[in-house]
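Could you build the full structure based on these sequences and the hints that come with them?
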Amino acid sequence: MPGGKHAIVFGASGLAGWGVVDQLLRGYPSKGTFTRVTALINRPFSISESGWTVDRDGPEIQLVQNVNLLTGSAEEFGDGLKERVQGLETATHMFYFAYKQVDDPLVEVKTNCDMFDRALSVVERYSPELEFVVFPGGTRGYGIYQPGGTWSPPLKESMGRLPPPAGDEVYYFKFEDTLAERSKGKKWTWCEVIPDAIIGMAPNGSTYSLTAHWALYLATYALLEGKGATIPFPGSEGGWNAMYNDASAEVIAKFSIWASFNREKTSGHKFNVADRAEPSTMSEIWPALAEFFGLKGVGPAGSEKVVPSEYVEKHRDVLETAGINVEQVWGKEQLDAAESYQLGDTLRSIYLNPKSELHIEGIHSDLVDTKQLQVLAKSGGEGNAVFESTIALLQGLFPTNPRNSITLANGTTIVAPLNGHQYIPVETVHPKNDRLLEPWTNCPAFRQHVAEFYASDEFKTKEKEAEHFLDSIKDFVFGRPTTLENAWNIYDHMNTQLTYNQTFAYRLPPHIVEMMRSLADFHENGVFSDRKPSGIGNIAGRSLMHLVLTSLDRMGFSEDPLKFALIETGYQPFISFFHEIEAVKEDPELGAIPNFSSAIAIELHQTNPPDIRTLLRLKFRNGTQDTFKTIHAYGHRNTIPLTEFIYRAKTSVITNNNEWAQACGARDANVASANAIEGLAAWPGSYIIIFGMLLAVLFRWMKAPARSFSTGQSSSKR
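Per UniProt numbering, the sequence shown starts with residue 1, numbered consecutively.
Incorrect hints may appear among the rest.
Straight-line distance between alpha carbons at most 20 Å, and here's what the computed EDC-like set of lysine to aspartate or glutamate pairs gives [to be verified]:
#1 LYS186 with ASP57
#2 LYS82 with ASP196
#3 LYS100 with ASP626
#4 LYS270 with ASP366
#5 LYS355 with ASP366
#6 LYS254 with GLU131
Treat the hints as calculated values from the structure; they're not laboratory data.
Take a look at the structure:
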């Protein structure tokens, strides 16, 4: 077998992609066949954290992090990858194992097709030695998720495609068509591998891991019931006896590599891949899993309902005593970090990319200049969650760069750790020292505002309307009070479980979380708003506005080098800020809880001579699935003169702890600040920051280059 091959693996952090890299580094199919392996990942980790077996005598490994297949234009992505992948022109084998899950099936198809097209295009363009492309399909193409199924097993590759409309929701059918068309007349070809249930490892976790849920349940059961206890399978008789095929990442990888060297047998074909010919059942697997935890696994418990998520939630205190972090097991922290990183990468593509029309003039985009960047992160009720999300965002905003190095006097060049990680100062803001990012806590006047809201006719009417619904959801909230006052907490619990707990997700009727979100939005909008901009209900926005105006003053009216300011906080200031600038009048949907990793961007633009003015535009992105849309401040349909924005905003601003104490009716700023943490104990639980959401909602503003805008004319409408 000829040597000197170069494999490029997209999606190397996933189960199957990780396995391909691991087998290549282990020397499969034979030592010397591959001399270079390029592993592309989006969520960052280091070689030492990867778990790969790296042999000094084996292939050279090149780990390229922060590769987001959805960022920027296709041309920008291609040019960027060419710069970052050494020896891309020598790549001979492409293993594409990247995937993005999207709730809407048709959007998922388009998203994954766009990603695949970008990856294939850049390899075709820059890798003239390309020989083979491998990608994974799946059993969705056999219709296993259709009621009653589509074909009878055994499921064979010759069965053809799933017919529409179900077939329209299978993105790898599109991959097949793309590869068949683009490989015509070329020296490269392709094949598809089809696993069922994949068993493998992901260095930075997987939020879709059924194994993690089972392990948590079994570990909890063993702690409470003791070793040797009998544990029933938490499912039905049908699930107990249903047949499926395990495919280990190792076997998928070995077959994929083998197929790439046997084109006369594999070209243009697809292949089912499994560890063995005989299918598995849970009646075989469950006892073995239980035995690992010292338990005896048996079949379903008949009419007795067993719900692992309820069992774990009920005994969460036992796990915490044992040092087990439930959110960490479910991958919650990894998902939050991934979303924050993705947001940072998006901001980089918009504001730091020299080819972007909104590129910030004069900013150092490759190696950070800390004089040009200011970062504030709230450090209050959520603990370290907001700070950790800030770090993840900054990794996407300023990714690792080997040029982040220093040359010593003896000529030795030292590259920063992790192949050039960029260290950016983050200033944390704790309410004990500064009230600006959490001003509603320990504030008597705000407490009175909330009490008045609860006593209002509006609240009582909504409470009456929701009474029957709230009474009907008790089975899903595990003892939490089902009251309108507690709506935010119930929604937080449901949304978290729905995202990370597969058992709960399968059990919860879809309309319940939607209705609960509506009630939570009503509650939080009422609590964190006021009829008057200077009202105490808007205190979260009023104090945040001081930080906004301070940065705008530095950017717009001085020679200050600051070009990019970032504030990471919770969602409460978002609601108040939208009311403060009267944006909710134009768009009532803004009076609601933002999604995870939402962002407001405040851009400064200058008009051209002779009438040189600085204009301000506000944009809002409601979570990672949204795009930035213009929002309207103080009735302006597009931009607003910076001077007018400052004039109208400063009338209600809270600038320091003394002003906070006066607005809140606290004894004095120093006493209130010193007693802030102790004072939280007297707060009703529903008004402290939401615990456990790890919501890293962001506020940021940028200074853009000189551009021409016509005052009073709108170029976009929301």
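How the hints compare with the structure:
A distance of roughly 33 Å separates the Cα atoms of LYS186 and ASP57; the hinted pair therefore is violated under the 20 Å criterion. Taking the CA atoms of LYS82 and ASP196, the gap is near 34 Å; set against the 20 Å cutoff, the hint is violated. Taken as a hint, the LYS100 and ASP626 pair is honoured in the structure, with Cα atoms around 15 Å apart against an allowance of 20 Å. Restraint check: the Cα-Cα separation between LYS270 and ASP366 comes to about 42 Å, which exceeds 20 Å; the hinted pair is violated.
Our distance criterion of 20 Å between C-alpha atoms is met by LYS355 and ASP366, whose separation comes to about 14 Å. A C-alpha spacing of about 17 Å is found between LYS254 and GLU131, which places the hinted pair at or below 20 Å, so the restraint holds.
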